[in-house]
Amino acid sequence: QNFEGVDYSDRDLRNQLRLMAANSMGKRERRPPPTNYNPIIQPKKSMLVNNRKVKLPRVLRLPRMEDHQFYNRERLLELDKLEFETYAALREVGELPPRESIEATGTLLDPSSAAEKLELLDEGFGNWTRSQYFNFVKACAKSGRDDLSSIAAEMEIPLEDVTAYSEAFWKYGPSELKKDEWERAMTNITKGEQKIAKKKKQGALLQKFLLSFDNPRVEMTFANKGTAHFALEQ
Numbered sequence: 194q195n196f197e198g199v200d201y202s203d204r205d206l207r208n209q210l211r212l213m214a215a216n217s218m219g220k221r222e223r224r225p226p227p228t229n230y231n232p233i234i235q236p237k238k239s240m241l242v243n244n245r246k247v248k249l250p251r252v253l254r255l256p257r258m259e260d261h262q263f264y265n266r267e268r269l270l271e272l273d274k275l276e277f278e279t280y281a282a283l284r285e286v287g288e289l290p291p292r293e294s295i296e297a298t299g300t301l302l303d304p305s306s307a308a309e310k311l312e313l314l315d316e317g318f319g320n321w322t323r324s325q326y327f328n329f330v331k332a333c334a335k336s337g338r339d340d341l342s343s344i345a346a347e348m349e350i351p352l353e354d355v356t357a358y359s360e361a362f363w364k365y366g367p368s369e370l371k372k373d374e375w376e377r378a379m380t381n382i383t384k385g386e387q388k389i390a391k392k393k394k395q396g397a398l399l400q401k402f403l404l405s406f407d408n409p410r411v412e413m414t415f416a417n418k419g420t421a422h423f424a425l426e427q
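According to my numbering, the sequence shown is numbered sequentially starting from 194.
Because the hints were derived from the structure by calculation, they are not lab data. Source: prediction; values computed, not measured. Hints are not guaranteed to be accurate.
[What the hints assert, rightly or not] In silico DSS-like links for lysine-lysine, alpha-carbon gap of 27 Å or less:
# : residue 1 : residue 2
1 : Lys335    : Lys401
2 : Lys371    : Lys335
3 : Lys388    : Lys364
4 : Lys392    : Lys335
[What the hints assert, rightly or not] Now the in silico label distances, taken between C-beta atoms and shown as ranges:
# : residue 1 : residue 2 : range
5 : Ala357    : Arg268    : 15 to 21 Å
6 : Ala397    : Ser343    : 16 to 22 Å
7 : Ala282    : Pro236    : 20 to 26 Å
8 : Lys246    : Asp339    : 47 to 53 Å
Don't be surprised by glycine CBs; every beta carbon is placed ideally from N, CA and C.
Please model the complete structure; the sequences and the hints are all you need to start from.
What follows is the structure, encoded as structure tokens:
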């Protein structure tokens with residue numbers, strides 16, 4: 194069936210929408226979430242449209258979205274509302290596409306809005322659990338935020354996944370995570386990086402000291418207290 198000139202029975206439509214979204218990347222600006230937003234947004238099953246309760250098919254619903262997954266939640270919720278309204282309008286006039294078509298495309302929005310929705314969903318990190326988020330912060334503190342290879346090894350996940358998540362974390366974390374959560378993460382990471390810097394500085398000073406001797410093993414002497422004696426290796 195067709196709605197506004199779009200054949201929703203076309204199973205290739207989803208791929209076409211993704212191509213449209215790719216062409217429009219960079220044109221959208223992410224607005225910061227409202228200050229009172231919930232860190233976890235559950236999928237909305239139903240909504241009142243024109244004072245009538247509308248239940249959306251599961252395939253059209255948004256996924257569960259947590260703040261650490263960095264979805265553009267405010268815009269996705271706007272598109273979700275539009276999806277409900279579109280579904281209600283089509284149902285009202287008896288022009289809902291067959292269930293198979295809805296499941297194939299995963300949307301009833303116009304091509305531009307549908308492309309945007311799919312792109313925004315792809316941008317989120319829905320497969321990242323809260324536990325993985327905490328492990329990421331811990332690994333950043335242990336290895337430093339820029340040592341992505343070590344972070345990936347510590348978390349035992351592909352480097353490209355860590356790279357993408359790290360970019361989103363530093364770009365959207367200040368605005369999308371709760372203030373106290375972001376500050377706690379920054380405190381832990383900063384303290385960890387300070388320890389790394391201190392250890393590097395100590396290592397550099399030790400290396401400089403050793404280079405001041407022609408033969409450190411022979412020339413270096415240690416003042417021992419009491420009867421304790423130490424070899425250079427100690």
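Each hint, compared with the structure:
1. Lys335 with Lys401: holds, 26 Å
2. Lys371 with Lys335: OK: Lys371 and Lys335 at ~23 Å, within 27 Å.
3. Lys388 with Lys364: holds, 24 Å
4. Lys392 with Lys335: Within the cut-off at roughly 12 Å; holds.
5. Ala357 with Arg268: 15 to 21 Å: Roughly 19 Å apart at Cβ, these two residues keep to the hinted range, so it holds.
6. Ala397 with Ser343: 16 to 22 Å: Once the Cβ atoms are compared, 20 Å apart, the range 16 to 22 Å for Ser343 and Ala397 holds.
7. Ala282 with Pro236: 20 to 26 Å: Check passed, 21 Å falls within 20 to 26 Å.
8. Lys246 with Asp339: 47 to 53 Å: Because 51 Å falls inside the window, the suggested range holds.
In this structure, none of the earlier numbered hints is contradicted; all agree with it.
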